[in-house]
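Q: Those protein sequences? They're chains F and C, same order as listed.
The numbering used here puts the first sequence at residues 58 to 333.
The numbering used here puts the second sequence at residues 43 to 422.
In case anyone wonders, no lab produced these hints; they're calculated from the structure.
Please note that a few of the clues may not be correct.
Stated by the list, open to error - Dumping the calculated BS3-like pairs for lysine-lysine here, alpha-carbon to alpha-carbon at most 25 Å:
| # | chain 1 | residue 1 | chain 2 | residue 2 |
| --- | --- | --- | --- | --- |
| 1 | C | 312 | F | 142 |
| 2 | F | 142 | C | 248 |
| 3 | C | 168 | C | 136 |
| 4 | C | 265 | C | 125 |
| 5 | C | 172 | C | 388 |
| 6 | C | 85 | F | 239 |
| 7 | C | 310 | F | 142 |
| 8 | C | 355 | F | 174 |
| 9 | C | 100 | C | 136 |
| 10 | C | 125 | C | 388 |
| 11 | C | 161 | C | 172 |
| 12 | F | 201 | C | 355 |
| 13 | C | 312 | F | 174 |
| 14 | C | 265 | C | 310 |
| 15 | C | 355 | F | 142 |
| 16 | F | 205 | F | 174 |
| 17 | C | 388 | C | 313 |
| 18 | F | 239 | F | 157 |
| 19 | C | 388 | C | 168 |
| 20 | F | 301 | F | 313 |
| 21 | C | 265 | C | 136 |
| 22 | C | 310 | C | 388 |
| 23 | C | 312 | F | 239 |
| 24 | F | 313 | F | 216 |
Unchecked claim - Ranges of calculated distance between the beta carbons of each label pair, as one might list FRET restraints:
| # | chain 1 | residue 1 | chain 2 | residue 2 | range |
| --- | --- | --- | --- | --- | --- |
| 25 | C | 268 | F | 237 | 52 to 60 Å |
| 26 | F | 147 | C | 171 | 50 to 58 Å |
| 27 | C | 101 | F | 199 | 56 to 64 Å |
| 28 | F | 214 | C | 170 | 14 to 22 Å |
| 29 | C | 216 | F | 147 | 55 to 63 Å |
Note that the structure is predicted; figures quoted are calculated from it, not measured.
Ideal Cβ placement from N, Cα and C applies to all residues, glycine included.
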Amino acid sequence: MFYLCLKPLLSRDKPTRDKSSTLLTPEGQSPSGQEVIVQEKTEENVMATGELNINHYPARRAAQVVQHYLNTRYGSPYRLLQLHKVHRGNAEDVADSGRKYELEISVQELNGNTTDKCSAEILFPRGEQQRSPQVQASCEEPLKINTKAQEEALYQQYKMNSGLLSAQHLPDSYGHIEPDMKPFWHLSIVAASFVMLNESSENTLYNMAQVANITQLATENDQLKFDSHILLHEMVSQEIIHWKLLFTWSPPDGVKVLQMEQLPHRHEGEKPLNTN
Amino acid sequence: MEKETLTFWILGWFLLILSGVLETSNSSLVESLESTQGYDYSKYHSMDEIYRWMEDVKQGNPELVSSAVYGHTYEERNITLLKLGLENPEGREKKVIWVDCGIHAREWIAPAFCQWFVKEIVNSYKTNKKLEQMLQNLDIYVTPVINVDGYIFTWANDSTRLWRKSRSTPPPGSSCYGVDLNRNFNANWGTVGVSFDSCANTYCGKSPGSEPEAQAVMDFVGKMVNQTLCFLTIHSAGQLILLPYGHPEISAPNYDELVSVGEAAAAKMKKVHGMGYTVGTSPQILYPNSGSSRDWARLIGIPFSYTFELRDKGEFSHLLPEEQIQPACEEAYAGALSIITYVHEKTFNSGTLPNASVFGVAIMIWSSVMAVSLTTGVMV
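Go ahead and model the full structure; you've got the sequences and the hints to work with.
A: Shown next as structure tokens:
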């Protein structure tokens, strides 16, 4: 009876003209009484093409991919780039290849007061295999803040093998990170950026949620070496995805990921996640 | 000469009385502060602490605050709200504003905001004439935590912090707990942006309103739908103000007004600490979804329905540091109040501009100053 009262209200909120939509009553049933077919509305069907609205999600998701790319290239314990704004965006289908985005964005450096302008091209490949997006990007001043001294000091401090670093839960449940652990949180974000870049598509938006565990291993070839368990947050599915990363870092060579492995999240006997 | 001296004494006497009035109102301000004083609003609180806080606020401010248990969670815990309102001097029927927080367990800044919101109102209504007037016309229902079971679960240990759903037991054949309560509401349920896999974080449940937490909201608000002007549901993260609908092919009849009111709120929020909040429907600026509380509210006829996605934009996401609680809540309060003030003015003072009262006060002050300056012969 309650729902009958609602029906006239519902009909006021008109669906926009679209031949594939079904008028949806509160019961989730079509007027004919049959159950609504769950439309597997893949987002490709409604993907914008041409000039993009800078506030809408397609531009935002593509821009996030650029952020991950820039961090793999320039990131360090004292340097991280975060997307500040999308200024312009354009998307088009490339026959037999996928979809190409052209973006003008600005990024902000950690502890930076100014933003830097970047131009980027992102190709999201289409095909039977899920392949990683290909990114080309150039920024005006990507290494504006001088972090050399801090990086060198950190490197020297941890290069000596006595007292290998081990930390859990960065940040902790209250969002807190001990100041001397912050560089390792940043380092983990850089390493995670390699994974996030690889895993991204037009249907995802990745951020690193937390470092569950980071352990320093013996220095090898003048590279600091780390084993880590990180948690990624994927916005569209709202899932937390676990990855194990083995990576190295040194000031001259930056971050290199040696091994990456997605972990099945076995929490209370839950089914393992399907890999992408 | 004599006339000027007399005017001078009258003015002085007036100022003396005024300061006396301010003093007495200050002491009652201290009283209400005491009930909320020991509580640190810039820290995250466990559910036990929140339940106790609700009791304290209610007992400390009986003329403004009452509470109600309007449902029970899957694990049979109370779903409790605080009702903020003052008696209407003309005995007119009150209209309703609904604010809920904590539908998603890991979004800790949301319950923190609901507590902040109550505290702000409690601490300012006696000295804020506009707020007092609004509370005489409106009852504001605030639920600090809807998904109590989920919230408690996120406090269990370090590995549970990022839980999102409720804690309902696995359906037959599954070993996965919980339903995404914000996909379970009776609003185009199960159509888009959901999963039917009970292990997924957007699992919409077995049927609309199958979850007691969602059903409790629908039952309670459903009874007051005709009086309800505004429905605000608070989440994190992303810095967004989402308007109905989550379905890409359905538009709210008052879409344009929803956008302009949302944009006005975002502008107010940006003034506080410079943080930008993007306004739009979920399919535009985030992703399509169905079965959300916001959509349900708009569908049953509540004209203004918004999801607030609070800080941040991905650096910490749901693990927002405690030192950001205050600034995040300050800007969210400005945004929420902006919308509440708009709907109040539209309903009760329609025909006057929203800024009319401010303008009127300004005129009054100016004319008083002019009057004083004219009688005393002092140049202004």
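Q: State for each hint whether it applies.
A: Going through the hints against the structure:
no., hint, result
1, 312(C) with 142(F), "15 Å, holds"
2, 142(F) with 248(C), "40 Å, violated"
3, 168(C) with 136(C), "19 Å, holds"
4, 265(C) with 125(C), "15 Å, holds"
5, 172(C) with 388(C), "14 Å, holds"
6, 85(C) with 239(F), "21 Å, holds"
7, 310(C) with 142(F), "20 Å, holds"
8, 355(C) with 174(F), "19 Å, holds"
9, 100(C) with 136(C), "20 Å, holds"
10, 125(C) with 388(C), "22 Å, holds"
11, 161(C) with 172(C), "17 Å, holds"
12, 201(F) with 355(C), "23 Å, holds"
13, 312(C) with 174(F), "22 Å, holds"
14, 265(C) with 310(C), "32 Å, violated"
15, 355(C) with 142(F), "11 Å, holds"
16, 205(F) with 174(F), "22 Å, holds"
17, 388(C) with 313(C), "23 Å, holds"
18, 239(F) with 157(F), "36 Å, violated"
19, 388(C) with 168(C), "23 Å, holds"
20, 301(F) with 313(F), "14 Å, holds"
21, 265(C) with 136(C), "14 Å, holds"
22, 310(C) with 388(C), "18 Å, holds"
23, 312(C) with 239(F), "28 Å, violated"
24, 313(F) with 216(F), "16 Å, holds"
25, 268(C) with 237(F): 52 to 60 Å, "58 Å, holds"
26, 147(F) with 171(C): 50 to 58 Å, "52 Å, holds"
27, 101(C) with 199(F): 56 to 64 Å, "57 Å, holds"
28, 214(F) with 170(C): 14 to 22 Å, "54 Å, violated"
29, 216(C) with 147(F): 55 to 63 Å, "44 Å, violated"
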